[in-house]
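Q: Each chain, letter by letter, is given below.
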Amino acid sequence: MSTEVIPVEKPKRNYNVLFGLTLLALLVLLWILLSVATTSFATGNNIANLLRQGSMIAIMAVGQTFVIITGGIDLSVGAVVGFATVVVAMMINAGFPIWLAILVTLLVGVAIGMFHGFGIVKMGLPPFIITLATLTSLRGIGLLMTNGNSININSDTFTAFSRNSFIGVPNLFWMVILVGIPAYVFLHHSRWGRYLFSVGSNAEASRLSGVNVQRTIYMAYTLSGLCAAFVGVLLAARIGIGNPTQAEGWELQAIASSVIGGTSLFGAVGSVHGPLLGAFILATINNGANLLNVNSFWQRIITGALIIIIVYFDGLRRRGK
Amino acid sequence: MISTAQDLHPAPVLEPGRTILELRGLEKRYPGTHALKPVNLAFKSGEIHAIVGENGAGKSTLIKLLTGVMPRTSGEVIWEGQPAALATPHEAMALGINAVHQEVVLCRHLTVAANMFLGEENSRFGILQQRAMVREAQKIIDDLGFDLPAHVTLGDLTIGQQQLIAAARATVRGTKFLIFDEPTAYLTRKEADQLFTLIRRLKGEGVTIIYISHRMEEVFELADRVSVLRDGTLVGTRNIAETNDAELVKMMINRSIEQVYHKEHFTPGATILEARNLSGKGFEDVSMTVRAGEIVGLYGLIGAGRSEFVTTLYGRHKKSAGEILWEGKPVQVNSEHDAIKLGMALAPESRRDQGLCLNLPVGLNLNLPIYKRISSNLLISSAQEKVQADRQIADLRIKTPSRGALASSLSGGNQQKIVIGKWLAHGAKLFIFDEPTVGVDVGTKAEIYRLFGALLSKGAGIILISSYLPEVYELSDTLHVFRRGRLVASHGFRAASHEDVLTQAIG
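Listed in order, the protein sequences are those of chains A and B.
The opening position of the first sequence corresponds to residue 1 in the working numbering, with each subsequent residue numbered one higher.
The opening position of the second sequence corresponds to residue 1001 in the working numbering, with each subsequent residue numbered one higher.
I should point out that these hints are in silico values taken from the structure, not numbers from a laboratory.
For every residue, glycine included, the Cβ atom is placed at its ideal position computed from N, Cα and C.
Careful, some of the hints might be misleading.
Said to hold, decoys possible - Within a straight-line C-alpha distance of at most 27 Å, the following computed DSS-like cross-link-like pairs (lysine-lysine) qualify:
hint, chain 1, residue 1, chain 2, residue 2
1, B, K1263, B, K1281
2, B, K1458, B, K1372
3, A, K122, B, K1372
4, B, K1281, B, K1250
5, B, K1064, B, K1250
6, B, K1044, B, K1250
7, A, K122, B, K1341
8, B, K1429, B, K1372
9, A, K122, B, K1319
10, B, K1318, A, K122
11, B, K1399, B, K1341
12, B, K1319, B, K1329
13, B, K1386, B, K1458
14, B, K1458, B, K1399
15, A, K122, B, K1281
Said to hold, decoys possible - Quick look at which bits of chain A chain B covers, simulated, 3 or more residues with Cβ under 8 Å:
hint, segment
16, 186 to 193
17, 204 to 214
In isolation and in its complexed conformation, chain B is listed as follows (with noise of 0.2 Å):
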C-alpha cells in the first residue's frame, strides 16, 4: 500500500457536541479491589475532556478499558451508537481510539520516521521505502509546528520531545478518539504549548480529547469538561467555566488547597555544602549554598543545567572547575560512594529508570542503602532488615501488602515515596530531590512535602529540582533560577512573582 500524509490524515467529519462514547455502568473489579465502581459518563465529539483524581483513583484502569488493553468486568461501553466490546488494543485503534502514554513507548533505536509509520509502514514490492517515509514524516512534524527532524534515532531525542512525536503519531491513525495520559510530566513549558496547539487543532478537527493531568492549571487551560475520580468513584463532572482549583481538589482529596503545600519555616544553621564557581559538563560558574533546615529550590527548563549541577556535585560527573565545600571543608566528590559517605542522599528523577530495583520487594528497596549498616560483617541481621523496611512503610505510609510484595506492583505515588523514603534510616545531612512529584498525585504530593518538613527539622538541607513553578515557588527558603548551565537569579521565599522567575528562566 502506498500511502500519503493525506490520506493517513483525513479531516475527521464529526459533528461537534455529538454523543461518541458512553460508558454505562462500567465496572472493573481486580481479585481483592474494585477498581472502578460502575460509572456513567458520555463524551462528546469535539470535546477535551479531562480527567483528574489520585493515584489509585480508577484513571489508569479506565483508559486500559477504553484502549482495550484489559478486559471490563461489566457494564457497556457505546460506540457511536453501537454497543463496543473493547476486547483487544487493536479492536479499540480500529475504531480509532488512541492512547499517549506518560512513559513514551516507542522503539527508541528506530528513526522517527520509522517510529511514525510503525506497523503501517510505506513499501512497494515487499521494500521499504524508507525515503519517502521520512518526507511524509517529516511534512506532519512541519505541520504540526513541532520543529524536529524526521531523520534521526529517537533516542537522540529528550523525552519531551519523544512525547511530542508520540502525540504526532497518534494524530495520523484517523483518531478520533485520543486520551492524554499525564503528557507534560516530562515536558518543558515551550514543547507543553506545542502539545497544546497540537490538542486544540485536533478538537477543532472534531476529534474528543480525554486529558488526564495532576496539574490543575493545564486542565484549567485547555479542558471544557472535567471529571473527578476518587476511590474509583466518579465523584462528578463539571464545566470548566464552572468550577475552580478549590472545588476540584476538594472533589478528589476531601481536603483544602492550603494543606497540600504545607511549608514550615526554620531557622537555617550551619552551611552544610557550598559549591563555589562550579563547572561541569552542562553548567558554568555555579555557586551557592545549602544550610541546615532550608529548601534551596532550582527552577529551570529541562536543559538549563540543574540535573548536570546536581549529579556533579553527586559524584556522578566531573567537575570542570571551582570548588565542594562540606561543611566548610574542601572535598572531592569522585562517586556517588564518595557523596553518600559525606552524608548527600539523591532521589533520582526516573523512578523506572534510576530510583526503583522494579521487580524486588519494597523492603530490599528501602534497605539498600542501609546495609552496611544492618548487617555484621557480611552477613545480614534479618531480623533488622524486617524492623527497618516495616518502619519505614509504617513512617511513609506506603500502601503495600507487604515488604515481601514487588516494587513494581504498587501504584507510582507509593514508588515515588520508596525513592525518597530510603533516605530516611540512612540518616543523610544533604537531601536532593530531582522532580519529586512527577506522576503523583495531590494528596501523595502533600504527604512528600510532608516528608520534606520532617527532614529540615532533623537538621538536613534539601535541595529541590523541579520544572513545576508552583512547587519550588511555595516550598524554597531560596529559589535559584537557571538558564542555559547557568545561574541568573536567585530569590528568597516567595520573593519575586512566578512571572519573574518564568522570565528569568525563559531569557
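Here chain A stands alone, though its shape is the one from the complex (with noise of 0.2 Å):
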C-alpha cells in the first residue's frame, strides 16, 4: 500500500508550481510587450521605479494573505500605512534615533494587529466589520495628530534610504526578498503555517485537534499589521513626508495581489510567491499604461477585468481538476 502511495504527491505541488510559472510568464510577457511598445519601459530608471511601486503593494499582499488564508480578510492595511508614516516621521522629527523610530512604528503595526485579534475572538466581531472600523478611525487619529497637514521628515539618511540601490536593484526590492524568504520559510515550512491552513479550512476540526485557533487569528493580524506598518516606514522614506492619508485604497491592490496571486478567499488556499507577483503584475500594468498615456481610468477598469479572469480560470483549473 505504502509503496503505491509514495510517488502521487505530484500533481498537487505540481498545479501550485504551474500556477506560479502561469503568473511569472504572464509577468514576463507584459515585460517584453512592453518593451517593444515603448522607447522608455525598459529603461533602469523606470525598471527601478516600477519595482519600487511594487514592492510596497507586495509586502503588503504578503501580510494579507496569510489573514486570507485563515478565511478572513484585513481591510485596515492601507489606512495603517498611512498612520505609520505619521508615526515615523514625528518620531524622527522629534530626535528620537532613525532605528528607535523604525522600531516603534512596527511595535504600532503589530499592536493595532492585536487589536483586529482581540476583536474577532474575544468580541466576537466579523474581520470585515472590525478592520473596516480600523480603516476608517485610523485615518483619523492621523488626522488628529496631524492636523490635517503633511509633516516633512527632516532626515536625509531616512529619506535617502529609498532612492538608493544595492548592487544595482533598489533597496526597497531588497525588502520584498527581506519580508518573502522568512514569510516562505513561516508558511509552507512551519507549523504555524500549517495551522494557518487548518484554521481557514476548518477552524472547529482544529480545535479538535489540539490546534489554538485564537492564537492562530491573532497571529495572522499581527503579521499584517506588522507588514502594513513596515510599508508605512518605506513609503515615508520614499515621499519624505508623513501624511495619514497616503496609500489611500491599497488595501484593495493588496487583496487583489493576493487574489490574483491564487489566494482563495474562503481560505485555506494560499502561498507567499503568488501575491507577490501578483503584486509585480499590477504595478507593470500601472506602469505599462502610464507609458502608453493609457487614461488612468482605464487602468482601473484592467486591474478589475484581470481580476475577473485570472481567479476564473483559477476556479477552472481547481474543479477540473
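Hints in hand, dock the two standalone chains.
A: Here's what the structure looks like:
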C-alpha cells in the first residue's frame, strides 16, 4: 500500500508550481510587450521605479495573504500604512534615533493587528467589520495628530534609503526579499503556517485536534499589521513626508494582488510567491499604462478585468482537477 | 400563482405494480474509474426498493444519475415508457423524481415554511404571502403527524427534525419517485418512526421509494425488494421476504456478519478517567470510570446528554459541579488543549463540520494533532511529515491516490478513517468516539471496530457514543444508558437485552 502511495504527491505540487509559472510567464510577457511597444519601459530608471512601487504593495499582500488563508480579510492595511508614515515622521522629527522610530512604528502595526485579533476572537466581530472600523478610525486619528497637515521628514539619511540601490537593485526591492523568504519558510515549512491553513479550512476540526485557533488568528492579523507598518516606514522614506491620507485604497490593491496570486477568499488556499507576483503584475500594468498614455481611469478597469479573468481560470483549473 | 396545500399535494393516480422507471444498461465512467457498470433494473410504482452496498459501491453515482446531477456515460433510462435524458436536476424534478439527501440541503437561515416552498413561493402581485405559506406548511406538517412548528428558523431545529422537513418538502411537489439517501443517519428512533410512517403513506399513494441505508433492520422493516451493489455492479435483487441479513451482507462484502462486530476482550487495567458526580449543561450528576483496555458505551437518544457529557470531559464546555480524575488525580480541563495534553482524543460526530479540513490534503489532516512532535522549534520536518502520513494511510488502509489528495475527494468511510486515524500516531490514552460509523458501510465499520481492538491492546480506553444500538451493544464492556441528561442504567457486556436498553433510554 505504501509503495503505491509514495510517488503520487506530484499533481498538487505541480499545480501550484504551474500556477506560479503561469503568473511569472504573464509578468515576463507584459515586460516584453512593453519593451517593444515603448522606448521608455526598458530603461533602468523606469524598471527601478516599477520595482519600488510594486515592492510596497507586494509586502502588504504577503501579510494580507496570511489573513485570507485563515478565511478572514484585513481592510485596514492601507490606513495602517498612512498612519505609520505619521508615527515614523513625528518620531524622527522629534529627534529620536531612526532605528527607534522604525521599531516603535512596527510595534504600532503589531498592536493594531493584535487589536484586530482581539475584536475577532474575544468580541466575536467579523473580520470585515473590525478591520473596516480600524480603516476609518486610523485615518481620523492620524488627521487629529497632524491637524490634517503633512509632516516633512527632516532626516536625509532616512529618506535616502528608499532612493538608493544595492548592487543595482533598489533597496525597496531588497525589502521584498527580506520579507518574502522568512514569510515563505513560515507559511510552508512551519507548524504555525500549517495551522493557518487548517484554521482557514475548518476551525472546529482544528480546535478539536489541539490547534490553538485563537492564537493562530491573532498571529495572522498581527503579521498583516506588521507588514503594513513596515510598508508605512518604506513609504515615508520614499516620499519624505508623514501623511495619514497616504496609501488610499492600497488595501484593495493588496487584496487584489493576493487573489491574482491564487489565494482563495474562502480560506485555506494560498502561497507567498503568488501575491508577490500578483503585486508586480499590477504594478507593471499601471506603469505600462502610464507609459502608453492610457487614461489612468482605464488602469482601474483593466485591473478589475484582470482579477476576474485570473480568478475565473484558476477556479476552472481547480474544479477541473 | 396562488396555490394551496391541495394542489401542491395531489393524490397521484398511479397504478400499483406498474413499471415506472427502467434502467437499461445504465453506466457511468469517471476518468480512471468505472463507477457504475451497466445496470438493468426496473422499479415499480408503489414499491419501496432498498439499495444496499458498501461506500463506493456505486449507490451515490446511481442517485446522481437518476436525479440529473450528473450525465450518464451510456445506457437508457425509461420513464413511464418514454426514454428520459435526465440531463438536469430540473428535468428530473419536472418528471417527479426527487431526493432527500443524507445531509440536509436546505437554507438554515430561512423559516421552515420558507424552505418548504422554496422555489415555489406563494405570492400575490409579487408580494410573498408569508402568513398563508406558514399556514399551509403547518397544515402539511401536522397532516404528516410531525410535531414541528412551521414559523421557526430551520437552523433552530435539530438535524433530525430538519431531515423530517426535507422529507416533507419532497412530498408536496407532485413526487412520483422519491429517493432517500441514508435518511435516518442523524435521526432519533422516534423521528425515524415518523419518517417511516411518512414513507409508508407515500407508498400507499403509489409513489416509488428508493431507500438507501446501511442499517439492515430498517431495510427489513420497510422495503419490498432490495438490490445489492458491489464495486459498481448490481449483484442481485431479492424480494425482502425471501432473503435475510446474512445473505445480504454476504452479497455486499463477501464476508460473514460475525466478522463485522469483532469484539476482542482484554483484562481491564488501571483506571484512566473517572467522572465523579459530574454536572454541566445538558447533563446532571454523572459518574463513571474508564479503564485501560475497555470500551465504555454511552447509549441514549439524541439530546439525552451523552455528547454534552463527553464534550465537557474534553474541555469544550464548563462543568458546573463534580470532579474529573485523570489516572487517579483530580484535574481541571478548561480547553480541548488541556484534554489533549492529558492524553484524550475526540473523534467528533460530524466529520464535515468538526472532523476534517476538507479542502486540505489527507496528509495534513492526519498530521494535524502531531505537528508539535514532527517539528523542531517551529520548522516542520518534511521527511517526518511524509513518513507519518504514509504510515497512517497504510495502517488504516485509507483508499486515497496519495497523501497529497484533498480530503474532500475521499469517500465517507475513508474520511471517517482519517478522523479516527489522526489520533493513532498521537498516542492518546483515552479515545472518545462520537457516532464513529454514521454513514459508513459494513466493510469500513468492521475495519473501524478492528481499530478499536488495536487501540485497546495498546492499553488505551475508549468511550463509544452511538445511537445505533447493535453497535454499542456488541462492542461495549460497560454500557451506560442516558435519558434526559442522567445516567439511568449500566450494564456489563451483553448483560441486558436490546429491549431493556431501549426501554431505559426512552423511559
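Q: Now look at each hint and say whether the structure bears it out.
A: Hints and how they fare:
no. : hint               : verdict
1   : B:K1263 to B:K1281 : violated, 33 Å
2   : B:K1458 to B:K1372 : holds, 22 Å
3   : A:K122 to B:K1372  : holds, 26 Å
4   : B:K1281 to B:K1250 : violated, 44 Å
5   : B:K1064 to B:K1250 : holds, 26 Å
6   : B:K1044 to B:K1250 : holds, 26 Å
7   : A:K122 to B:K1341  : holds, 24 Å
8   : B:K1429 to B:K1372 : holds, 18 Å
9   : A:K122 to B:K1319  : holds, 21 Å
10  : B:K1318 to A:K122  : holds, 17 Å
11  : B:K1399 to B:K1341 : violated, 30 Å
12  : B:K1319 to B:K1329 : holds, 17 Å
13  : B:K1386 to B:K1458 : holds, 24 Å
14  : B:K1458 to B:K1399 : holds, 25 Å
15  : A:K122 to B:K1281  : holds, 22 Å
16  : 186 to 193         : holds (count 5)
17  : 204 to 214         : holds (count 9)
In terms of the numbered hints stated before, the structure departs from hints 1, 4, 11, listed from lowest to highest.
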